[in-house]
Amino acid sequence: MFFLKFYTKAQISRAHLAWNLLFQQKIYLSFNTLDMKFSKSELADLFKASYNHKLFDVQRFHINKKLSDELVKVYTLNDSKDVIVVHRGSDDMNDWVDNGLHLAGLDLTLTKTYKMHLRRQLKAVKKYGKDNIICLGHSRGGLYSQQFYKDKLCN
Numbered sequence: 001m002f003f004l005k006f007y008t009k010a011q012i013s014r015a016h017l018a019w020n021l022l023f024q025q026k027i028y029l030s031f032n033t034l035d036m037k038f039s040k041s042e043l044a045d046l047f048k049a050s051y052n053h054k055l056f057d058v059q060r061f062h063i064n065k066k067l068s069d070e071l072v073k074v075y076t077l078n079d080s081k082d083v084i085v086v087h088r089g090s091d092d093m094n095d096w097v098d099n100g101l102h103l104a105g106l107d108l109t110l111t112k113t114y115k116m117h118l119r120r121q122l123k124a125v126k127k128y129g130k131d132n133i134i135c136l137g138h139s140r141g142g143l144y145s146q147q148f149y150k151d152k153l154c155n
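First residue of the sequence shown: 1, per this note's numbering; consecutive thereafter.
No lab work stands behind these hints, which were simulated from the structure alone. Don't take every hint at face value.
Here are the simulated lysine to aspartate or glutamate pairs, EDC-like style, with alpha carbons at most 20 Å apart [what the hints assert, rightly or not]: (1) Lys48 to Asp95; (2) Lys81 to Asp131; (3) Lys115 to Asp69; (4) Lys37 to Asp82; (5) Lys152 to Asp131; (6) Lys115 to Asp91; (7) Lys54 to Asp107; (8) Lys126 to Asp91; (9) Lys65 to Asp79; (10) Lys150 to Asp107; (11) Lys150 to Asp131; (12) Lys48 to Asp107; (13) Lys127 to Asp82; (14) Lys37 to Asp57; (15) Lys40 to Asp82; (16) Lys115 to Asp92; (17) Lys81 to Glu42; (18) Lys130 to Asp151; (19) Lys130 to Asp95; (20) Lys112 to Asp92; (21) Lys115 to Asp95; (22) Lys54 to Glu42; (23) Lys126 to Asp69.
Construct the entire structure; sequences and hints are all you get.
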């Protein structure tokens with residue numbers, strides 16, 4: 001089940017993308033120097049691919065196999081500096097154990113899976129620069145993305 005909050009265009013630059021946005025025909029994102037349009041099928045496919053353990057291109061987005069894994073997918077676009085980092089939500093036992101710890105009051109940034117996502121995010125920042133990165137995530141991956149915006153690890 002997908003559940004996320006809807007954000008307006010003004011709010012979206014500093015928040016995770018919401019599954020509800022898929023109901024829009026085109027989504028226009030503006031992140032300081034980045035201007036990008038996503039179709040609803042592109043967003044749906046990016047979120048779906050984030051749960052797939054295989055690494056593959058999604059429509060016009062090209063996977064960086066060196067920086068991607070089963071938790072985090074890093075995509076580039078032809079002839080563009082724009083980079084999309086997609087964080088998967090809860091999927092395995094480690095994720096659900098961390099969910100329980102977080103619900104019990106443990107700071108999100110202290111969980112094992114957060115630290116794994118953070119390592120991948122930092123590698124993407126090192127290679128592409130934070131100003132070129134858009135973070136997306138579904139469910140808990142959206143929460144991680146929101147934290148990375150807060151920590152200025154994406155634009």
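Against the structure, the hints:
| no. | hint | in the structure |
| --- | --- | --- |
| 1 | Lys48 to Asp95 | 17 Å, holds |
| 2 | Lys81 to Asp131 | 9 Å, holds |
| 3 | Lys115 to Asp69 | 14 Å, holds |
| 4 | Lys37 to Asp82 | 12 Å, holds |
| 5 | Lys152 to Asp131 | 9 Å, holds |
| 6 | Lys115 to Asp91 | 16 Å, holds |
| 7 | Lys54 to Asp107 | 30 Å, violated |
| 8 | Lys126 to Asp91 | 27 Å, violated |
| 9 | Lys65 to Asp79 | 18 Å, holds |
| 10 | Lys150 to Asp107 | 15 Å, holds |
| 11 | Lys150 to Asp131 | 14 Å, holds |
| 12 | Lys48 to Asp107 | 27 Å, violated |
| 13 | Lys127 to Asp82 | 12 Å, holds |
| 14 | Lys37 to Asp57 | 17 Å, holds |
| 15 | Lys40 to Asp82 | 18 Å, holds |
| 16 | Lys115 to Asp92 | 16 Å, holds |
| 17 | Lys81 to Glu42 | 18 Å, holds |
| 18 | Lys130 to Asp151 | 11 Å, holds |
| 19 | Lys130 to Asp95 | 26 Å, violated |
| 20 | Lys112 to Asp92 | 13 Å, holds |
| 21 | Lys115 to Asp95 | 12 Å, holds |
| 22 | Lys54 to Glu42 | 18 Å, holds |
| 23 | Lys126 to Asp69 | 17 Å, holds |
Violation of the numbered hints given earlier is confined to hints 7, 8, 12 and 19; the remaining hints are satisfied by the structure.
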